[in-house]
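Trainee: These protein sequences, in sequence, are chains A and B.
Counting from 1, position 537 in the first sequence corresponds to residue 537 in this note's numbering; the numbering is continuous, with no gaps.
Counting from 1, position 127 in the second sequence corresponds to residue 1127 in this note's numbering; the numbering is continuous, with no gaps.
In case anyone wonders, no lab produced these hints; they're calculated from the structure.
Just so we're clear, the structure is a prediction, and the values are computed from it rather than from any experiment.
For glycine and all other residues, C-beta sits at the position ideal for the given N, C-alpha and C.
A hint or two may mislead.
[As the list claims (entries may be wrong)] Derived DSS-like pairs: lysine-lysine, alpha-carbon spacing no greater than 30 Å straight-line: (1) B:Lys1272 - B:Lys1066; (2) A:Lys309 - B:Lys1041; (3) B:Lys1117 - A:Lys437; (4) B:Lys1112 - A:Lys564; (5) A:Lys437 - B:Lys1186; (6) B:Lys1272 - A:Lys579; (7) A:Lys579 - B:Lys1041; (8) A:Lys564 - B:Lys1066; (9) B:Lys1112 - B:Lys1129; (10) A:Lys564 - B:Lys1041; (11) B:Lys1116 - A:Lys564; (12) B:Lys1299 - A:Lys437; (13) A:Lys579 - B:Lys1116; (14) A:Lys309 - A:Lys564; (15) B:Lys1120 - A:Lys309; (16) A:Lys309 - B:Lys1112; (17) B:Lys1120 - A:Lys437; (18) B:Lys1116 - B:Lys1151; (19) A:Lys564 - B:Lys1129; (20) B:Lys1120 - A:Lys579; (21) B:Lys1120 - A:Lys564; (22) A:Lys564 - A:Lys579.
[Unchecked claim] Derived contacts from chain A toward chain B, CB cut-off under 8 Å, selection only: (23) Leu158; (24) Phe372; (25) Val383; (26) Pro475.
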Amino acid sequence: MSNQDHHHEETFISKYIFSLDHKMIAKQFLLTGMFMGIIGVIMSAFFRLQLAWPDEGFPILETFLGKWAPDGVMDPNIYLALVTIHGTIMVFFVLTAGLSGTFSNLLIPLQIGARDMASGFMNMLSYWFFFLSSLVMIISLFVSSGPAAAGWTIYPPLSALPQAMPGSGLGMTLWLVSMSLFIVSALLGGLNYIVTIVNLRTKGMSMTRMPLTMWAFFVTAILGTLSFPVLLSACLLLIFDRSFGTAFYLSDIMIQGEILTQTGGSPILFQHLFWFLGHPEVYIILLPALGITSEVVSTNSRKPIFGYKAMVGSILAIAFLSFIVWGHHMFMTGMNPFLGSVFTFTTLLIAIPSAVKVFNYLTTLWRANIQFTPAMLFSIGLVSTFISGGLTGLILGDAALDINVHDTYFVVAHFHIVMGLSAIFGMFAGVYHWFPKMYGRMMNKSLGYAHFWITFISAYGVFYPMHFLGLAGVPRRYYSNTAFPMFEGLVEINELISVFAILGVVAQLIFFFNFFYSIFRGRQSSQNPWRSNTLEWTTPVERIHGNWPGELPTVHRWAYDYSKPGMDEDFVIQTTPLKDGEEEGH
Amino acid sequence: MENLLTILISLLAIIALVQLVRIFELATKLKGQQEIEISDKENHYNGLALLIVGFGFVLFVAYSFKLWGHLILPESASLHGIQIKLLWDTTMYLILFVFFITQPLLFWFSYKYRGKKNNKALYQTHNNKLEIIWTSIPAVVLTALVVFGLKTWNNVMVPDTSNAMVMEVYAMQFNWTARYSGEDNKLGDANYTLIGGINTLGVDINDSASSDDIITREIHLPVDEQVLMKFRSQDVIHSAYMPHLGVQMNCVPGMSTQFAFTPIKTTSEMRKELKNEEFDYVLLCNKICGSAHYNMQIKVIIETKQEYLEWMSQQDNFNTLISR
Ligand code: HEM
Ligand SMILES: [Cu+2]
Ligand SMILES: [Cu+2]
């Protein structure tokens, strides 16, 4: 049954709020993610103020933080809380829900030729669980003992004992509730994505003809559904330990003069469970960004993505390996050195498929005809940060080298560049590229250029120097470096980082302005503005329920026939039948 | 009042910006340029900018070692640090080698192949030979790196400690305590339930090995002697990190962890090397543990055996401490 026959009346509520349409749900994810992103990014500006100018009072801090920043100087506990919530929001709310939620929803049905997700209702629930989860996280910012503050990794016993720090009180409870809701959302979404891709591909859309974005979202969804439940159990056990006196993670503790009765648990168990999600999570963040980039790079190079099969193979290899490397976050926990050896081995293996991806991107650019749209610039930025950040992974993944940089700013530099920047760049690329599909209008190009250039320069300006802080031995999650004479020489470099951080944060105003301006005032988009091959550009600009007005499209070729010799144009849409004697690319 | 003014000004600024962008867009429309198409000029300038900024970044990375190299920790002051340094340097050269090839290529290609109206890209889908080569090379290099890394890791973490001096470092929010094993080189049993009053580490009085244990608020170590440091924690996870010595190990409640190492430079030698008379080694906390995490430290002094013994002879042992 095709949807265009029965135009059921849509009310405001069913269209904009409890919508079942994947395109609307995608926009809901994006807007919520952007809102959370604003909070997370402003927090980073706040604690960068504190780190660079520890003795200075900033009225703006007092305005926002009130009693937690008397005279504009941050309290150590609130510093830790800000870092924790910043990390949580960035990793989960912006780069998991905001990135994967938005683009999986928007693109999966459109690029495989389906009318909607397998279950529109589950999809709607997925968004509303995410919404609730965001709400709870935001509420936790206002409780009087402060939000969770044990780091985004919330290691017990610190996170389990309210006596250990104010943030482990009600704030932590809300954090755990919020994350549990979040995981429900991720699972509902993920299952839906998998089922949709497996079952609802249109005629001719074999797995090997799918665009790389689809492969990336597909594998991401599998990663998520396999690993998020483990985090959920970890959170539940932690809730038990906190509220019902169990001892999964607690043993032999005396705190604030009180001897606790719990014995027999192990704090390290939590770390195993946490990182069993935590490492795949890194790829849950990164793979969609790489998928988006593959699409954007190929389209704007006017050239097939080089080595399609190798790209798919690398995605699969990375995904598989990501389940057996979690221990590299725990080299210093006193684990058996043999175990450390195993995790070093598996971790360094990931470098191989990652290198293949980089080489393939580079070769795609070789002898291309590159169109520098803002999306393309951000994609090139992604390739650059993926290289820079990936390389330092060789150090952190090598247990012997990790001894001296574990938990220092070297780690902060590494993961921000390889995961934070790459994924954020991928997300921006996606927004610029598919904005016309979401709103039927174009974003302003010049503002896009300004946004890219300031962001790209300040991003490296913030995170490149942090490597040196780490090599100087500065631990992460330090409220201030002033307690140690050995860190006295680092004042200037800290100020430099903060200046770039503030510049980078302010530059995002350009993006937000451009985004909202273009929703209402942007130029009308044509049907296929980037002259792209994939199916989403065969739908009408008006974005109707059911996506295609008539029959579903039939696919005859892969997604990357750009600049194919013998064709009239430098692109060939996937629905174009092969000519007589034409060979299909792959 | 002030707030109102700020809001008003921001609003005005936004409106001005909207108008500006509209004028801009109208102008491009008048010029007859399709907004979505990227003109040769735009391709040229963005490509050029990528070349300049990209190469600028790559050059800065090279220069940064000169600019900020002095911030990096001095060469390790312990024996295993020498081995690690070899692995570190090897890895670092490899990383920089790859970095200085791939990044310039990325930015060079971006510039070189910037779009032009009449150009056409090469239709090239894959090249099995090339792909096999660039999969195998990383595989071989990484195998070598893994073997080297694992050898180093095992040498560092599983050394022969039969002659090492045994001591303990005890963590709690937010300070450190050291306990030396005394003449028998054996730490007395300890248990968190025995903590109380002067017995801050919960040492078991009934264990004969405990009577000669020595509890201090500074860590002194004799140079060139292997020490087996054991770690316990009272409340939450902490991490004992001695940056200059290349030592790090988590301190986990309910669990005992350890790290063996041999310091090779005394404090005064290090002061000379760094030309800094105030320098002191330090052990600091490197795992988030609460509000004063950023200031949880204990001084470490590395000295000659003689100085060490002299200092040790001035300390009270556990028996004296308890009976006082
Ligand atoms: C404006 C851009 C950003 C700035 C200036 C910034 C700055 C920082 C800094 C300085 C820290 C470490 C603080 C400390 O350890 O004491 C930190 C922590 C963190 N950031 Fe960012 N960050 C930014 C964007 C991002 C993005 C895009 C992500 C996405 C992955 C991210 C994820 C995290 C995480 C996971 C942590 C660790 C939190 C923890 O230690 O528990 N940040 N950020
Ligand atoms: Cu990991
Ligand atoms: Cu601590």
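Trainee: May I ask you to test the interface hint for Phe372 of chain A with respect to chain B, counting a Cβ-Cβ separation under 8 Å as satisfied?
Mentor: 4 Å, holds
Trainee: Starting from Lys1116 of chain B, check that the Cα of Lys564 of chain A is at most 30 Å away, please.
Mentor: OK: Lys1116 of chain B and Lys564 of chain A at ~17 Å, within 30 Å.
Trainee: Between the alpha carbons of Lys1120 of chain B and Lys437 of chain A, is the straight-line distance 30 Å or under?
Mentor: OK: Lys1120 of chain B and Lys437 of chain A at ~27 Å, within 30 Å.
Trainee: With a cut-off of 8 Å, does the beta carbon of Val383 of chain A approach a beta carbon of chain B closely enough for the hint to hold?
Mentor: This hint holds: Val383 of chain A lies near chain B, its Cβ roughly 6 Å from the closest one there, short of 8 Å.
Trainee: Need the status of pair Lys1112 of chain B, Lys1129 of chain B: alpha-carbon distance at most 30 Å?
Mentor: 25 Å, holds
Trainee: Against the 30 Å threshold, does the CA-CA distance of Lys1117 of chain B and Lys437 of chain A hold or violate the hint?
Mentor: OK: Lys1117 of chain B and Lys437 of chain A at ~25 Å, within 30 Å.
Trainee: Against the 30 Å threshold, does the CA-CA distance of Lys1299 of chain B and Lys437 of chain A hold or violate the hint?
Mentor: 61 Å, violated
Trainee: Checking one constraint from the list: CA of Lys1272 of chain B to CA of Lys1066 of chain B, max 30 Å. Satisfied?
Mentor: 22 Å, holds
Trainee: What's the verdict on Lys1120 of chain B and Lys309 of chain A, does the C-alpha distance respect the 30 Å limit or exceed it?
Mentor: Satisfied, since the Cα-Cα distance of roughly 24 Å is no more than 30 Å.
Trainee: Tell me if the straight-line CA distance from Lys309 of chain A to Lys1112 of chain B falls inside 30 Å.
Mentor: 27 Å, holds
Trainee: Keeping to a limit of 30 Å between CA atoms, is the pair of Lys1116 of chain B and Lys1151 of chain B held or broken?
Mentor: 53 Å, violated
Trainee: Can you verify the interface hint for Leu158 of chain A: is its Cβ closer than 8 Å to any Cβ in chain B?
Mentor: 4 Å, holds
Against the hints set out earlier in the document, violations occur for numbers 2, 5, 6, 7, 8, 12, 18.
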